[in-house]
Amino acid sequence: MSTAAPAARATGLSIALAGTPLLTDATLALTPGRVTAVTGPSGAGKTTLLRALVGALPPGARVTTGTLDVLGHDILALPPEDLRRLRRHKLAFVGQDPGSDLNPRMRVDRLLTETAADRRRTSVPDLLRAVRLPAGERLEHRRPAGLSGGQQRRVALARALARRPEILLLDEPTAGLDPALRDDIADLLREIADSDGLAIALTSHDPDFVARCADDVLALWPDRLAAAPAPAPAGSGAGVVPATAVQAARVRTRAASGMPPVVEVKALSAGIGTVRARHRVFAAVDLALMPGTLTGITGPSGCGKSTLLRTLAGLHRPESGSVILHGEHLAPSYRRRSRDQRRRIQLVPQNPLGALNPAHTVGATLTRPLKLHFGLPAARCEERVAELLTAVGLPPHYATRHPHELSGGQRQRVSLARALAAEPDVLLCDEVTSALDTDTAAALMDLLDDLRTSRGLAVVLVSHDLPLVTGHADHVLPLAGPHSAPLTAQQPAGVR
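Numbering that gives the first Met the number 0 applies: residue 0 is where the sequence shown begins, and numbers increase by one.
Hints in this document: simulated from the structure, not taken from any laboratory. In this text the structure is predicted, and so the values were computed from the model without any measurement. Heads up, the beta-carbon is just placed ideally off N, CA and C, and yes, glycines get one too. Among these hints, one or two may not hold up.
To be verified - Label pairs and their computed distance ranges (CB to CB):
#, residue 1, residue 2, range
1, Ala-266, Arg-119, 37 to 43 Å
2, Asp-215, Ala-179, 44 to 50 Å
3, Asp-285, Ala-210, 38 to 44 Å
4, Asp-214, Leu-77, 35 to 41 Å
5, Pro-57, Thr-114, 19 to 25 Å
6, Ala-210, Gly-59, 33 to 39 Å
7, Arg-106, Ala-179, 22 to 28 Å
8, His-328, His-359, 33 to 39 Å
9, Leu-371, Ala-179, 27 to 33 Å
10, Arg-334, Thr-19, 26 to 32 Å
11, Leu-77, Arg-367, 24 to 30 Å
12, Asn-356, His-396, 30 to 36 Å
13, Ala-218, Arg-119, 15 to 21 Å
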């Protein structure tokens, strides 16, 4: 047990925004050389607590009770220049959507040295190795768009470590990472806490990760557990799919009688990088997405899972192969597809904060596809927005909130609701449960099961959670990188 004085301390801290509690009665002490994990369901205030520790509360949020001291300062009362100096030299924060914080125009090597404590002595290869990024792939010469979500997360961690802070704050640092990398990151955090005397605080929904690296655990709970109802079953009248039992039976009957695939993928290959530094991420992928089925895509970080989804959605140009929707070859570019083709394939991205317009309310975000694709009048749009929010487990009054007023899990559900608003035939879900607690993730998977059963939605789910994938998927496609044999989806029992 460390006897060092706490580097930061919160006592009975409660924070609210426009009368809505964001954090209730949180007490913790961050001590040099120790790792503190903050756990709890989505919406409990985990991210709010970390952001308070760096003096970065959402606009309009305020402390209602309690105190907060960081390195001897009331950080929420510091003048702007003093706060910038403290963040620059003493604090490091890696958010839940780290890719959104990486300058898209900068290469990895410059990102790591830009804010390093000592640029001349900072070794980019050593930093990359420390966060378990592969050597020999010239990652330091890529820009963030050329990295997978897991690689972006580790680059952001390396960038934080390069600053040699006294306090390191990490919001869901292993979201989107496979179990082996999760354990590596846990061991790395444990090592730097012990060797460098850092005070580390992190949020996580992963009990195995917490058990592996944390000395102390703070469990937070929402002030109003009843505020977020569970997703409504499809066909209940409150959900996004007003399908009847007869319609659901027709879907199952058609599927059993040899229904053709919604989407066929043939010999698809894709790469990332520039012409001179091109890296192929997957090769010769064959896939058939059938109505009413869920296809799971698994594999290590960097193997091309997210790139495959983006290629299907027309957001990443393939090197070869084809994508066929209802028997019609799709243009490789989203911009060259018709509006109806775009509507039929919807992507729920891994990092929703970067995909949601910060200037728009949730209601405006969900209303746009309703008007664009269906021309619904304003009154019906308002009703539909309420139905969509209820279906993904959020109360209708969240329509008035902006993305910065939501937790990471709540933003993920808004992103899902936006995709469902287009009433797609194919739903591409990129790590949609990685930032959710176990109960919320289970409810979300139940919702996806209801959607595909009731209206024949074909779902593709990228996840590192193999038990979750095999428990829900009809087929599993294990990606292992471009040098493996040609890939075809397998039955879950065949996954090893």
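Now for the hints, and whether the structure bears them out:
no., hint, verdict
1, Ala-266 / Arg-119: 37 to 43 Å, "violated (48 Å)"
2, Asp-215 / Ala-179: 44 to 50 Å, "violated (25 Å)"
3, Asp-285 / Ala-210: 38 to 44 Å, "holds (40 Å)"
4, Asp-214 / Leu-77: 35 to 41 Å, "violated (28 Å)"
5, Pro-57 / Thr-114: 19 to 25 Å, "holds (24 Å)"
6, Ala-210 / Gly-59: 33 to 39 Å, "holds (37 Å)"
7, Arg-106 / Ala-179: 22 to 28 Å, "holds (27 Å)"
8, His-328 / His-359: 33 to 39 Å, "holds (34 Å)"
9, Leu-371 / Ala-179: 27 to 33 Å, "violated (42 Å)"
10, Arg-334 / Thr-19: 26 to 32 Å, "violated (39 Å)"
11, Leu-77 / Arg-367: 24 to 30 Å, "violated (39 Å)"
12, Asn-356 / His-396: 30 to 36 Å, "violated (20 Å)"
13, Ala-218 / Arg-119: 15 to 21 Å, "violated (43 Å)"
Comparing the model with each earlier hint shows violations of hints 1, 2, 4, 9, 10, 11, 12 and 13; every other hint is respected.
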